[in-house]
Amino acid sequence: MKEFQHGEKIKTASGNTVEIIEKLGEGGQGIVYKVKYGEEEFALKWYFGKKLHDIESFYSNIENNIKQGSLSEIFLWPLELTEKRDGSFGYLMKLRPKNYKDFSQFLLAKVHFEDISALINAAVSIIKGFRALHNRGYSYQDLNDGNFFADPKTGDVLICDNDNVSPYGENLGIIGKCRYMAPEVVTGSKAPDCHTDRFSLAVILYMLLFLNHPLEGKRTMCPCLTEELERKYYGTEPVFVWDPYDDSNRPVRGVHVNEIRLWKLYPDFVRKAFEKAFSAELLTGADTEHRIIEKEWLEIFTALRDITVKHSCGSDTFYNADSENCVCINCGQEIAKPMILNVPKHKVVLAKGTKLYTCHTDGNSENDEITAEVVASINDSAVLGLKNCGENEWTAQLPNGVTRTFTKGQTVKLGKGIKIDFGKVKAEIE
Amino acid sequence: MGIYDDVVEVTRRTMVLFFVVDTSGSMNGAKIGTVNSAIEEIVPELKEISEENADAQIKIASLSFSTGAKWINEPISAENFRWNYLSANGVTDLGKAFAELNDKLSRNAYMGDIAGSFAPVIFLMSDGEPTDNYMDNLEELRKNNWFKKAIKVAVAIGKDANKRVLAEFTGCDEAVISVHTPDALRKWIQFVSVTASQIGSRSANAGTINTKGGTSLTGGKINLTKQDEFIREIKAQEAADAAEWDSFDDDGIEW
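Chains as they are written, first to last, in our numbering: chain A, 66 to 495; chain B, 105 to 359.
Honestly, I wouldn't trust all of these hints.
[As the list claims (entries may be wrong)] 20 Å max Cα-Cα, derived PhoX-like pairs, lysine-lysine:
| # | chain 1 | residue 1 | chain 2 | residue 2 |
| --- | --- | --- | --- | --- |
| 1 | B | Lys339 | A | Lys67 |
| 2 | B | Lys151 | A | Lys88 |
| 3 | A | Lys115 | B | Lys339 |
| 4 | B | Lys151 | A | Lys175 |
| 5 | A | Lys297 | B | Lys339 |
| 6 | B | Lys339 | A | Lys166 |
[What the hints assert, rightly or not] Label-pair ranges, simulated between beta-carbon atoms:
| # | chain 1 | residue 1 | chain 2 | residue 2 | range |
| --- | --- | --- | --- | --- | --- |
| 7 | B | Lys291 | A | Val176 | 43 to 53 Å |
| 8 | B | Ile218 | A | Thr82 | 46 to 56 Å |
| 9 | A | Lys163 | B | Lys291 | 26 to 36 Å |
| 10 | B | Asp345 | A | Gln133 | 37 to 47 Å |
| 11 | A | Tyr233 | B | Val147 | 16 to 26 Å |
| 12 | B | Asp240 | A | Glu354 | 48 to 58 Å |
| 13 | B | Glu156 | A | Thr82 | 41 to 51 Å |
| 14 | A | Gly90 | B | Glu178 | 41 to 51 Å |
| 15 | A | Gly90 | B | Asp287 | 17 to 27 Å |
| 16 | A | Gly80 | B | Ala344 | 22 to 32 Å |
| 17 | A | Lys478 | B | Ile218 | 35 to 45 Å |
| 18 | B | Asp345 | A | Glu106 | 51 to 61 Å |
Hints listed in this document are in silico derivations from the structure and should not be mistaken for laboratory results.
We treat Cβ as the ideally placed atom computed from N, Cα and C, and that holds for glycine.
Extracted from the complex, chain A is given alone in its bound form (with noise of 0.2 Å):
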């Protein structure tokens, strides 16, 4: 097919008019074209009409798609279908911004996120955008390096290609990489779904932490790795790298560099979780369809946000509330021990710029809005308060018996024996 020159005028399925304006890029389907809508500019995704086995079912998914709405801001939802025209069409989506870059950049070192607050609130955000969608009985069916963008500085995340997606049960023929589908499905013997989907979720976490790949160390360095051992590999007989039970397929020095620095710096329950899900029980065994959900992954990431802090070296750092001396991931000197709200569940180390979330101050597992933040006081730095962010009016018990109630905007100066009524949750800084 030619591609599409500027100026060029395409009709949508409602009737209106785009104009091209340039070409954005390429991939595997199709083309991707910068285009003028009435008075604002969208992106294009034109099919490759060849590539695509069924265009008909292809085109009803998308328009079912459409009708059913974005689940979540993350995605780059199909907005309008096209005409069909030469045997293909193509949707509009919005424009990706600048600041967003391919995950792939991430991986080729190319692009770093700002600091561990940003990874976290990545790994946070894609977790959120699959939840939506399986909640709502949807499957992604081939998450991969190629279709999912992030912002350096915030950790924000859009995630395209939602052509794909499509009700639970349902396939429309997905032909995926090897390296990010599961098991399952390399070996042909399962087609992609919610399930599947969690597995490659779990490899797309791990390369964004670690920046390696889960399943490639001692046992898949080859001369040659041809299609069979890819899919021996990655399909028959996958290994974790850091399987507790299984050596054989350790990190290599000076080949995976990356995971083998990074992995000890990580907390243990982070760890722990990365077993569990490339366990060979979740990897191949009789329980791939019991894989760590959307909702764990938030509570772990949560947590790990949770004691995350900025050291005085500069970097971020995990604070551990349960060992005697901590020291910083980056520059190893010792941590002052810091302020920690302790609510059901959660240990939450307070700094100036932590936030609190609706799990924090209204047992919420929804984890979405932001209830409360530290801030440090304009007259002395070193003086923190709590500053309610939400709707809820608070009790705060300061340390000289006092009680008051605290309403949105107003700050409750932290110290140590404080005890805050949330209103659903009792908190008590240690």
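We have chain A already, so just place chain B on it with the hints.
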């Protein structure tokens, strides 16, 4: 600043694209000129594919054959590769080229990257008939495991090219593309270089081709190999070309 300051790029395998170019006397003039300029033009695109690919980096090696065979360069990363113009004279010692390939398609030679490689892409361009006894060397080359797994493709330039020999090299007729005009030659060199590199440098296919209606998946393995996928691409492109040429007044240059 922090623990991610010193991260290195994710461990990538290597995928070598071999250009094997006939530089015998009959290629002299417009043919070799077109080959030179087509490859020169496509290098930036190969560089881009390599730079954006977290599965593998692309390296390029080039071998020319006429009277004897000569390596122009060993595998060089696409980022650093520059095409040096070839000139053409001499006979067509295709067998010598096969012997050179067999020699270098080895872990101890060109395929020794520590992180490992994907199977290579071997792209042969020729306009004539071998003048040496190529058969024995081809037999040897066919026993080479790297060669067996490679994506193999050939472009037959003009009407004198021996397509049967090229098909013996690629293993099938479909991977031999005939071109008769400079325009087609340029287009196919670029199409093959890009498409074969994209397919070759990517983790293998997994998934299901299609289950209409969605509920009837039968657990059949897909065996769409990279070579198959590449041939499908060639066919799709040929079909698109044919459609275009239906309405094309063919007064192009004939070789």
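How the hints compare with the structure:
With a C-alpha separation of about 16 Å, the suggested pairing of Lys339 of chain B with Lys67 of chain A holds against the 20 Å cut-off. Distance restraint check for Lys151 of chain B and Lys88 of chain A: the Cα-Cα separation of roughly 19 Å lies within the 20 Å cut-off, and the hinted pair is therefore satisfied. With a C-alpha separation of about 10 Å, the suggested pair Lys115 of chain A and Lys339 of chain B falls inside the 20 Å cut-off, and the hint holds. Under the criterion of a C-alpha separation no larger than 20 Å, the hint pairing Lys151 of chain B with Lys175 of chain A is consistent with the structure, at around 15 Å.
Proposed proximity of Lys297 of chain A and Lys339 of chain B is contradicted: the alpha carbons are some 30 Å apart, above 20 Å. In summary, the hint linking Lys339 of chain B to Lys166 of chain A is not supported, as the alpha carbons are separated by about 34 Å, beyond the 20 Å threshold. Under the hint 43 to 53 Å, the C-beta atoms of Lys291 of chain B and Val176 of chain A, about 34 Å apart, miss the expected range. Ile218 of chain B and Thr82 of chain A have their C-beta atoms about 54 Å apart, which keeps the hinted 46 to 56 Å range intact.
Between Lys163 of chain A and Lys291 of chain B the beta carbons are some 33 Å apart, a value that agrees with the proposed interval 26 to 36 Å. Take Asp345 of chain B and Gln133 of chain A: their Cβ atoms lie about 39 Å apart, and the range 37 to 47 Å holds. Between Tyr233 of chain A and Val147 of chain B the CB atoms are about 46 Å apart, so this pair departs from the stated range of 16 to 26 Å. Checked against the hint of 48 to 58 Å, the C-beta distance between Asp240 of chain B and Glu354 of chain A comes to roughly 55 Å, which is consistent with it.
In this structure the supplied range 41 to 51 Å is violated for Glu156 of chain B paired with Thr82 of chain A, their Cβ-Cβ distance being about 32 Å. Separated by about 32 Å at the C-beta atoms, Gly90 of chain A and Glu178 of chain B break the suggested range of 41 to 51 Å. At roughly 26 Å, the beta carbons of Gly90 of chain A and Asp287 of chain B sit within the given window of 17 to 27 Å. About 28 Å separates the C-beta atoms of Gly80 of chain A and Ala344 of chain B, a value consistent with the hinted range of 22 to 32 Å.
For the hinted restraint 35 to 45 Å between Lys478 of chain A and Ile218 of chain B, the CB-CB distance of approximately 57 Å leaves it violated. Against the hinted window of 51 to 61 Å, the Cβ-Cβ separation of Asp345 of chain B and Glu106 of chain A comes to about 33 Å, which falls outside the hint.
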